[in-house]
Amino acid sequence: MKIHLSSVFVDDQEQALRFYTDVLGFTVKHDIPMGEHRWLTVVSPDDVDGTELVLEPSSHPAVPPFKEALVTDGIPMTSFAVSDVHKEYERLKGLGVRFTQEPTAMGPVTTAVFDDTCGNLIQIAAQG
Amino acid sequence: MADVFKALVDPTRRKILDELTEKDGQTLFEICARLAMKYQLASSRQAISQHLDVLEAAGLVETRREGRYKFHFINTAPLEPIVDRWLRRASKEPE
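Chains P and W are the protein sequences, given in the same order.
In this text, residue positions in the first sequence follow the numbering used here: the first is 1, and each later residue adds one.
In this text, residue positions in the second sequence follow the numbering used here: the first is 129, and each later residue adds one.
These aren't lab readings, by the way, just hints derived from the structure by calculation.
All figures in this text were calculated on a predicted structure; none of them were measured in a lab.
Be careful, since some hints might not be right.
[To be verified] In silico DSSO-like links for lysine-lysine, alpha-carbon gap of 30 Å or less:
1) K93/P / K151/W
2) K134/W / K93/P
3) K2/P / K29/P
4) K166/W / K87/P
5) K166/W / K151/W
6) K87/P / K151/W
7) K151/W / K29/P
8) K29/P / K93/P
9) K198/W / K87/P
[Stated by the list, open to error] Selected chain P positions facing chain W (Cβ under 10 Å, derived; list incomplete):
10) Q15
11) L17
12) A62
13) P65
[To be verified] Okay, the calculated beta carbon distance ranges per label pair:
14) D22/P / S171/W: 34 to 44 Å
15) P139/W / G107/P: 14 to 24 Å
16) E190/W / P33/P: 40 to 50 Å
17) P61/P / Q174/W: 22 to 32 Å
18) R196/W / H30/P: 23 to 33 Å
19) P33/P / N203/W: 17 to 27 Å
20) Q168/W / T72/P: 35 to 45 Å
21) G107/P / F201/W: 22 to 32 Å
All C-beta atoms, glycine included, are put in the ideal place defined by N, C-alpha and C.
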């Protein structure tokens with residue numbers, strides 16, 4: 001067994017597509033129309049056959065209050081690995097990304113948390 | 129002043145104030161992560177949230193909403209009467 005997909009609920013798939021590709025730098029793997037929404041996945045350009053991130057619509061009524069409660073408390077929906085959190089922080093800040101937690105050494109890892117503009121907080125983490 | 133001493137008696141709450149002194153304005157998530165990763169404190173998020181409520185009731189922590197996020201800030205004003213009552217008085221006494 002292996003993890004093939006992971007997903008984040010996004011408020012707007014089109015806006016999510018732009019943020020996750022143009023700002024974060026992922027590439028589109030699948031973009032298939034599915035009724036009202038799309039089957040939309042992105043991958044890391046360094047690992048195009050690796051785990052896909054599904055940008056899933058937040059349309060179920062339980063999703064918005066769940067997301068809002070997590071955001072209020074600063075809790076990220078998921079975490080991405082980067083080689084240098086400080087460098088990535090500077091790059092993303094330069095692109096106007098809002099951080100709720102600046103790069104912080106947390107024992108063996110350094111982490112930071114930003115807003116994905118689609119209703120989620122996302123953590124970036126690097127060892128050391 | 130009793131509230132302040134009651135808030136400060138707990139070591140986890142003192143650690144929270146230490147961390148806010150190092151970096152003011154933190155989300156609940158960041159405070160929990162710091163306590164878990166830096167001090168291996170095994171408290172649940174709910175327990176930390178309750179500690180923050182005690183600190184807030186004593187006036188030592190203030191929360192502010194910025195957009196959709198809630199941040200916690202340290203407020204040292206309630207410590208002033210302690211300094212005035214014992215420390216400042218001691219230094220003035222020779223006059």
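Checked hints:
A hinted pair counts as satisfied when its Cα atoms are at most 30 Å apart, and K93/P with K151/W qualifies at roughly 19 Å. Taking the CA atoms of K134/W and K93/P, the gap is near 41 Å; set against the 30 Å cutoff, the hint is violated. Pair hint K2/P plus K29/P holds up; C-alpha atoms about 18 Å apart against a cutoff of 30 Å. A C-alpha spacing of about 23 Å is found between K166/W and K87/P, which places the hinted pair at or below 30 Å, so the restraint holds.
Under the criterion of a C-alpha separation no larger than 30 Å, the hint pairing K166/W with K151/W is consistent with the structure, at around 14 Å. Taking the CA atoms of K87/P and K151/W, the gap is near 20 Å; set against the 30 Å cutoff, the hint holds. Restraint check for K151/W and K29/P: the C-alpha separation of about 39 Å exceeds 30 Å, so the hint is violated. With a C-alpha separation of about 26 Å, the suggested pairing of K29/P with K93/P holds against the 30 Å cut-off.
Of the supplied pair hints, the one linking K198/W and K87/P holds, its CA atoms being roughly 26 Å apart against a limit of 30 Å. The criterion of a C-beta within 10 Å of any C-beta in chain W is not met by Q15/P, whose closest approach is roughly 16 Å, and the hint is violated. Given hint, L17/P at the interface with chain W, is violated; its Cβ is 22 Å from that chain's nearest Cβ, farther than 10 Å. With 10 Å as the threshold, the beta carbon of A62/P stays out of range of chain W, its nearest partner Cβ sitting at about 18 Å, so the hint is violated.
Given the 10 Å rule on beta carbons, the hint for P65/P is violated: about 13 Å separates it from the nearest Cβ of chain W. Checked against the given bound of 34 to 44 Å, the beta carbons of D22/P and S171/W, roughly 40 Å apart, stay inside it. In this structure the supplied range 14 to 24 Å holds for P139/W paired with G107/P, their Cβ-Cβ distance being about 19 Å. Take E190/W and P33/P: their Cβ atoms lie about 49 Å apart, and the range 40 to 50 Å holds.
For the hinted restraint 22 to 32 Å between P61/P and Q174/W, the CB-CB distance of approximately 25 Å keeps it satisfied. The supplied range of 23 to 33 Å is met by R196/W and H30/P, whose beta-carbon atoms lie about 30 Å from each other. In this structure, P33/P and N203/W break the distance hint of 17 to 27 Å, their C-beta atoms being roughly 53 Å apart. For the pair Q168/W and T72/P, the beta carbons lie near 26 Å from each other, so the given range of 35 to 45 Å is not met.
For the hinted restraint 22 to 32 Å between G107/P and F201/W, the CB-CB distance of approximately 24 Å keeps it satisfied.
Hint check: violations occur at hints 2, 7, 10, 11, 12, 13, 19, 20; the rest are consistent with the structure.
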